[in-house]
Amino acid sequence: MKITKETVLYVADLAHLELQEAEVETYRNQLDQILTYVEKLNELDTRQVDPLAQIAVAGADPATRWRDDRTRACEVAAEALAAAPDARAPYFRVPKVIEREP
Amino acid sequence: MTGEAKPTAAGVRADLAAKKISARELTGKYYARIERENPHWNAFLALSPDRAFAQADRIDRLVARGEELPPLAGLPLAVKDVLATRGVPTTCGSRILENYRPPYDATAVERLEQAGAIVLGKTNCDEFAMGSSNENSAYGPVRNPAAPDRVPGGSSGGSAAAVAAGLAVAALGTDTGGSVRQPGAFCGIPALMPTYGRVSRYGLIAFASSLDRVGPMATTVGDVAALLGAIAGQDPRDATSAPVPVPHYTKELSQPISGLRIGVPNEYFGEGMDAEVRKKVEAGIALLEGLGCRRVALEMPHTDYAIATYYLIATAEASSNLARYDGVRYGLRIPADTLAGMYRKTRGAGFGPEVKRRIMLGTYALSTGYYEAYYLKAQKARALIARDFQQAFEKADLLVTPTSPVPAFRLGERTADPLAMYLADIYTVTGSLAGVPGISVPCGRTGLGLPVGLQIFGPHFGESRVLQLAHAFERAGGASL
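Sequences listed follow chains C and D, in order. Taking the working numbering, the leading residue of the first sequence gets 1, the next gets one more, and so forth. Taking the working numbering, the leading residue of the second sequence gets 1, the next gets one more, and so forth.
Don't take every hint at face value.
When the alpha-carbon atoms are kept at most 25 Å apart in a straight line, the in silico SDA-like pairs for lysine to any residue are as follows [to be verified]: (1) D:LYS251 to D:GLU110; (2) C:LYS40 to D:MET273; (3) D:LYS345 to C:ALA22; (4) D:LYS345 to C:ARG28; (5) C:LYS2 to D:TYR370; (6) D:LYS29 to D:ARG86.
Which chain D residues face chain C? A few, computed with CB under 10 Å, are given here [to be verified]: (7) LEU211; (8) PRO236; (9) SER319; (10) ALA323; (11) TYR330; (12) ARG333; (13) ASP337; (14) MET342; (15) ALA349; (16) PHE351; (17) ALA365; (18) ALA378; (19) TYR422; (20) LEU423; (21) GLY435.
Label-pair distances were calculated between CB atoms; the ranges are [to be verified]: (22) D:GLN255 to C:PRO51: 34 to 44 Å; (23) D:TYR371 to C:THR36: 16 to 26 Å; (24) C:ASP69 to D:ALA10: 39 to 49 Å.
No lab work stands behind these hints: they were computed from the structure. Positions of the beta carbon are idealized from the N, C-alpha and C atoms, including for glycine.
Construct all of the structure, not just a fragment, from the sequences and the given hints.
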């Protein structure tokens, strides 16, 4: 068993997910199975292999193309705010944050 | 649709030009059919009649003035609900975006409207495109028009079902690990994943940014080519869209395929493959050989590592992309006394089980102490899988494989075992990781009448060749093998 109940709760906390009690054991079991399966990658000798993060085709490598950095007016601010659960233009409102959360 | 000619973009345009029907009448006809039949299929989640009829009237004015009609004039189009549509609900199949109406359009949607298409509405999908059966939608599963007790595939299941059921003539889907091709195969329609960088993702709500692509689904390969021609090309609003010239896919469609070397990788015909699927795909390859293609046996030795690689990379990227759903700027908010409490409650209530599972898997793979063992290792395995493709395309012009090891399965049959569901993505995730284009094209049916898909991969930006082979296959009767 690679994944304990504590690991599930730790990862859920990192990901800001509130889990129901019943979900914890289901996810523990499923994540354990999946992580056991992906261990098969350890069969591969990758010491001489560079990681591939992004497909970059000749002449089309996104990392080498930059657009001009120009400012433009935001024309959809009102519509964007209208989609928020709680807004007071030009701000989004959230519960009061005074002290850092522990 | 059995018994009647398949509606196509070219057919719609010709009917409008000949004034056999107006765009407004045609749009009304499709809405009437959707109203009647969609409750059974659950393919559409939202309709956009104001927008559709306004566009139809624009087309009808062109007809009245005797002007040249744009290539997709009047085309009744369905759009997967992960693509942003201004003022029209865009939920990603998730409760967390239940009432969200974006203030902008995805580039692919905008370009299809410029080409004359009529957006009928938004289609059902697995939540945030995470799934292979459409059963992960918060708004209920979709039924497969080819077999109503079975899944349509996923995640673009609503788009595939809408086209297969005749509720739209074409659709946009998105493909991260097979989500355009596999539902295309399950529902019996051609469906293309273009090269990474071929089509702008602006307005595609992100799942896994190094993998996500927008792709067309239609009743014929010719229509797939026409839609691709309209949406392809660089977009200043998506830095990953490539400055590579766009060929005239439709004009090039009928170029000869005789003499093409078609690579058949051994690893795509291994254990776990349904016997009837194997038989149909073998018959499909024989059909291509009969058309003058040369079969080349190949090995792609890292294929067996693709599922593990894909599910680490895709979930890691998803855990980062989905951090934005925090109840602040859009969508659901569950109030709490503290900000962190609000995040946790909102996300806990707003995301469904598969999305939570993937966020946790991705968070774990990226967490301190595990990053190198999982995420970095997967990126190295990805390089090996991409190298397999590179080497294969030195020996072959195109690769031919099954799209899925199994035909459409029964609703509810596989939901209890997420890993088993992941393993069935084996033939599609490889091309996703390598960034190459791939199409699924109908390749006969099983004894129960379930459609089988033949997948054709091409090299980067080789869509034209892929479409040519698929078109020749379709014309030679591939669908009725």
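Checklist entry - Does the nearest C-beta of chain C fall within a distance shorter than 10 Å of the C-beta of PRO236 (chain D)? => result Interface hint status for PRO236 (chain D): holds (6 Å vs cutoff 10 Å).
Checklist entry - Quick one: are GLN255 (chain D) and PRO51 (chain C) within 34 to 44 Å, going by C-beta? => result holds, 38 Å
Checklist entry - Does ALA365 (chain D) pass the interface hint, meaning its C-beta sits closer than 10 Å to a C-beta of chain C? => result OK, holds: ALA365 (chain D) within 10 Å of chain C, min 8 Å.
Checklist entry - Cβ-Cβ distance between ASP69 (chain C) and ALA10 (chain D): within 39 to 49 Å? => result holds, 43 Å
Checklist entry - Is LYS345 (chain D) within 25 Å of ARG28 (chain C), Cα to Cα? => result holds, 20 Å
Checklist entry - At the C-beta level, are TYR371 (chain D) and THR36 (chain C) separated by a distance inside 16 to 26 Å? => result Given range 16 to 26 Å: holds, Cβ gap about 19 Å.
Checklist entry - Does TYR422 (chain D) pass the interface hint, meaning its C-beta sits closer than 10 Å to a C-beta of chain C? => result This hint holds: TYR422 (chain D) lies near chain C, its Cβ roughly 8 Å from the closest one there, short of 10 Å.
Next on the checklist: Tell me if the interface restraint on TYR330 (chain D) is satisfied: Cβ within less than 10 Å of some Cβ in chain C.
Outcome noted: Because about 5 Å separates TYR330 (chain D) from the closest Cβ in chain C, which is inside the 10 Å limit, the hint holds.
Next on the checklist: Next pair to validate is LYS40 (chain C) with MET273 (chain D); report whether the Cα-Cα distance is within 25 Å.
Outcome noted: holds, 21 Å
Next on the checklist: Check the hint pairing LYS2 (chain C) with TYR370 (chain D) against an upper bound of 25 Å on the C-alpha distance.
Outcome noted: Roughly 12 Å between the alpha carbons, so the hint for LYS2 (chain C) and TYR370 (chain D) holds.
Item to check | Interface hint compliance - LEU423 (chain D) to chain C, C-beta minimum distance less than 10 Å | outcome: Interface hint status for LEU423 (chain D): holds (8 Å vs cutoff 10 Å).
Next on the checklist: Take the shortest C-beta to C-beta distance between ALA323 (chain D) and chain C; is it under 10 Å?
Outcome noted: Holds, about 8 Å.
Hint compliance for this structure: every hint is met.
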